[in-house]
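Chains as they are written, first to last, in my numbering: chain A, 958 to 1098; chain B, 958 to 1098; chain C, 958 to 1098.
Think about it this way: if two alpha-carbon atoms lie no more than 20 Å apart in a straight line, the pair counts; the simulated EDC-like pairs of lysine to aspartate or glutamate are:
(1) B:K990 with A:E1096
(2) C:K990 with B:E1096
(3) B:K990 with B:D1064
Since the hints were made in silico from the structure, they are not lab data.
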Amino acid sequence: MTWVQRTIELSPQPRGFQLVTRDILAALPELGKIRAGLLHLFLQHTSAALSINENADPDVPLDLETAFSAIAPETSDYRHTCEGPDDMPAHVKASLLGCSLTIPIRDGGLCLGVWQGIYLCEHRNRGGRRHVVATIWGESS
Amino acid sequence: MTWVQRTIELSPQPRGFQLVTRDILAALPELGKIRAGLLHLFLQHTSAALSINENADPDVPLDLETAFSAIAPETSDYRHTCEGPDDMPAHVKASLLGCSLTIPIRDGGLCLGVWQGIYLCEHRNRGGRRHVVATIWGESS
Amino acid sequence: MTWVQRTIELSPQPRGFQLVTRDILAALPELGKIRAGLLHLFLQHTSAALSINENADPDVPLDLETAFSAIAPETSDYRHTCEGPDDMPAHVKASLLGCSLTIPIRDGGLCLGVWQGIYLCEHRNRGGRRHVVATIWGESS
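With the hints as extra help, turn the sequences into a complete structure.
Okay, here's the thing in structure tokens:
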């Protein structure tokens, strides 16, 4: 039984859905030694999110940003406005999308489908660095 | 400590919320030997999802389909339209609902509430077979 | 390797987003002994949800309740109406938000970000007691 737990710092991203699969994998070389296990990613923020979606067509993340900004619009009549008009919609999107992912590991790699990638969903206009606690547990090969 | 990891193939389903609790359980006989543990289900697709919801009234999945198609409508002005008008809304719903579930196991069975069932949420008009990576880990009885 | 699995009963809450971080922690004293591990929380209901969001400004949960009730409005033309107008929107919100959370544990405490708290999202006007199956697994210190 192997346990790895590490905080990964993601560099500031522009608002929108940003593919970070490579950044996550690069920070977790121990993945290669797991025969069967799981990776848990936990974003320690409430105005951004993690999500898995289509990793190929660059139009998809643009459409996702448009769609989620339509579902949680800045024009709503919010009470919590002290941090700007993009803040409360960011909290709504954080709960819609969730702050964590759990992904199976098999034979040293993530069991993502061919079209699946890991997105950091940055909901703030200026989000800054984001921290992800990564936990790996499983059987070593 | 027991580890089981297996890919389950779900047969093609019509668009909508489809109860698959029995299919999942039938594919995982090892569940019966776990005293305390967890089941993780991971759908390897980006135009379908997994969700837990009410398992009794057949009107509930029909209403869920209607509700999610209203939240992510086909009438939106998407860029990613090459795979048809149901494709980009399917990606939005995939992120809204998520592609994985984690369910506790106790004394050889899933700790689902009385009214909880596992749904495959098929967002495409013709979705085809769907693959779920199931991982069980826990203490054997 | 330590395993703890316990059902936590949350007292009836008014409709809305209710912070329960303290209730959860108080019910899980074994957390303090885990060096590296995970906590999984599983709500055994389909008309409420669990979510992580901003824990400081009391306006945020009020805005979240307003926002989610706008995304899944009671005015929609649902088939499943036998339990009242708040019931089917509650099921929609349950799938939007999800019934479980997985949170990393490090050095005896949850790795929540500074602004993150655990919310019980009560979607029914009169929801009653809610049951959460908590599972802890990890390496003891």
